[in-house]
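S.K.: Can you build the whole structure from these sequences, using the hints too?
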Amino acid sequence: MKIDDEKLIRKRRSAINNAQGRFFEEQVERACNYYREKGIANINKTPEPFRVLKKNQGGRFIGQFIKRAEPDFKGVFMTGQAIVFECKYTSKDKIQKSVLSENQNKELERNSNLKSITAVCICFAEGLQERYFFVPFEIWKDMEKRFGKKSVTADDLKEFEVFYRYSRGVDFLQHIKIVTKNND
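Residue 29 in numbering that gives the first Met the number 0 sits at position 30 of the sequence shown; the count goes up by one each step and never skips.
One should not assume that every hint holds.
Pairs of lysine to aspartate or glutamate, EDC-like flavour, derived with a Cα cap of 16 Å [said to hold, decoys possible]:
1. K91 <-> D170
2. K96 <-> D155
3. K91 <-> E158
4. K105 <-> D71
5. K144 <-> D155
6. K148 <-> D92
7. K176 <-> E158
8. K96 <-> E108
9. K140 <-> E101
10. K93 <-> D154
11. K105 <-> D155
12. K91 <-> E129
13. K96 <-> E137
14. K93 <-> E160
15. K73 <-> E28
16. K73 <-> D92
17. K73 <-> E25
18. K93 <-> D155
19. K105 <-> E69
These aren't lab readings, by the way, just hints derived from the structure by calculation. Only a predicted model underlies this, so the values are computations on that prediction, with no experimental measurement involved.
M.R.: Structure representation (structure tokens):
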């Protein structure tokens with residue numbers, strides 16, 4: 000009986016975390032819409048690579064992932080520079096470097112080598128407080144050198160903290176300097 004209760008608790012916690020993670024991504028998408036409307040950048044959510052195996056009633060289906068997960072968002076700034084980043088949500092006090100899949104790491108590395116802005120956008124949800132960070136991929140991939148461990152806390156990432164703005168969602172570009180022809 001106790002094992003079933005623990006399973007139910009884990010299942011419920013997982014469902015809550017998934018819903019909160021989706022909400023976090025929606026707030027990032029809201030910022031993307033704001034940046035698009037202001038002519039700052041055109042950044043879009045990368046669709047999940049899956050195929051429909053069976054259609055059910057009510058618009059539901061059984062599906063299968065057909066490709067490895069890629070970074071969540073890709074786009075381009077008004078200057079032509081590309082941006083690629085992954086979003087990660089955690090309700091814990093730290094986040095492991097291993098939360099990125101091998102393929103996500105490879106894609107971020109490839110894009111970084113091509114001079115794209117690459118990052119990991121993180122939401123730490125501690126109780127009722129949420130804190131957001133836009134961590135350059137170069138910092139993320141060298142986590143062990145920089146922080147001496149394979150995980151980071153919100154306090155470790157203070158210099159990369161970004162804020163939620165009611166009018167635009169998670170303002171993840173607030174620390175990015177966009178170089179234009181006028182301010183080279």
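S.K.: Please name the hints from earlier in the document that this structure breaks, with their numbers sorted from lowest to highest.
M.R.: Going through the list in order, the structure violates hints 1, 3, 11, 16 and respects the others.
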